[in-house]
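Asker: Next come the chains, spelled out residue by residue.
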Amino acid sequence: ETGVTQSPTHLIKTRGQQVTLRCSSQSGHNTVSWYQQALGQGPQFIFQYYREEENGRGNFPPRFSGLQFPNYSSELNVNALELDDSALYLCASSFGLANYEQYFGPGTRLTVT
Amino acid sequence: AQTVTQSQPEMSVQEAETVTLSCTYDTSENNYYLFWYKQPPSRQMILVIRQEAYKQQNATENRFSVNFQKAAKSFSLKISDSQLGDTAMYFCAFITILLGSNYKLTFGKGTLLTVNP
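Residue numbers (the numbering used here), protein chains in the order written: chain G, 399 to 511; chain A, 12 to 128.
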């Protein structure tokens, strides 16, 4: 059974640029959630995708967008990067909406300069 | 608003001893799940233990157990026989169960636990 994987591991971008982060869900999982973890903080919910459709969004601006593909992998896109977007971005997968246990990937560390 | 408070930013314990991490939460919902996640320095978040709010019996997983006090909205984690590998950031989190809603985890700010040899 393959766990949740994320790429890239680290990324450095300049303010104003755009970035795409990728997540492969655990085998058999069809729900992906994205979280932002600022330094010294707990993760904050960005949005969730279930069977290729957005299923809820946290308090993040529209420049944070996502996609889920037929194989249930997912992308997080952030446009017009700001310094405060520097964080660890975590992806978590689960099977269905009624399964409350989410399995996390190792994260992507994004630094905006 | 749904919130999770972990009042201990850092804790330390000697190897083989017992330590308790505190967590309080606030929700107006009656149906939810509570979790403790561990995030070692390698970053990958690992589920340690979970508790269904409708269950009165406290959950136990090997050396890890919880003290769930629903009326007080308290959910502490006890680690017995602490091991060096328990050194990590520990996050308390919950999910509310609302039909037709998304199941997002709400996290606390975490407690950094250091196990000393």
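Among the hints, a few may not be true.
Stated by the list, open to error - Label pairs and their calculated CB-CB ranges:
#	chain 1	residue 1	chain 2	residue 2	range
1	A	D92	G	L481	39 to 49 Å
2	G	G438	A	R74	22 to 32 Å
3	A	T16	G	E499	34 to 44 Å
4	G	F493	A	Q55	31 to 41 Å
5	G	E499	A	P52	39 to 49 Å
6	A	Q67	G	F493	20 to 30 Å
7	G	R413	A	Q25	23 to 33 Å
8	A	P20	G	E499	45 to 55 Å
To be verified - Stretch-level coverage of chain A by chain G, calculated; a stretch enters the list once three of its residues show a Cβ under 8 Å from a Cβ in chain G:
#	region
9	68-81
10	84-95
For the record, the hints were derived by calculation from the structure and aren't laboratory data. The beta carbon of each residue, even a glycine, is placed where N, CA and C say it ideally should be.
Asker: Indicate, hint by hint, whether the structure satisfies it.
Answerer: To see whether the hints hold, each was checked on the structure:
1. D92/A <-> L481/G: 39 to 49 Å: 44 Å, holds
2. G438/G <-> R74/A: 22 to 32 Å: 27 Å, holds
3. T16/A <-> E499/G: 34 to 44 Å: About 23 Å separates the Cβ atoms of T16/A and E499/G, which means 34 to 44 Å is violated.
4. F493/G <-> Q55/A: 31 to 41 Å: 19 Å, violated
5. E499/G <-> P52/A: 39 to 49 Å: Violated - the Cβ-Cβ distance for E499/G and P52/A, about 23 Å, lies outside 39 to 49 Å.
6. Q67/A <-> F493/G: 20 to 30 Å: With Cβ atoms ~27 Å apart, the hint holds.
7. R413/G <-> Q25/A: 23 to 33 Å: Distance hint for R413/G, Q25/A is violated at roughly 46 Å.
8. P20/A <-> E499/G: 45 to 55 Å: 27 Å, violated
9. 68-81: Not satisfied, violated; 0 residues make the cut.
10. 84-95: Coverage by chain G is violated here, the residue count being 0 at a Cβ distance below 8 Å.
Comparing the model with each numbered hint stated earlier shows that hints 3, 4, 5, 7, 8, 9, 10 do not hold.
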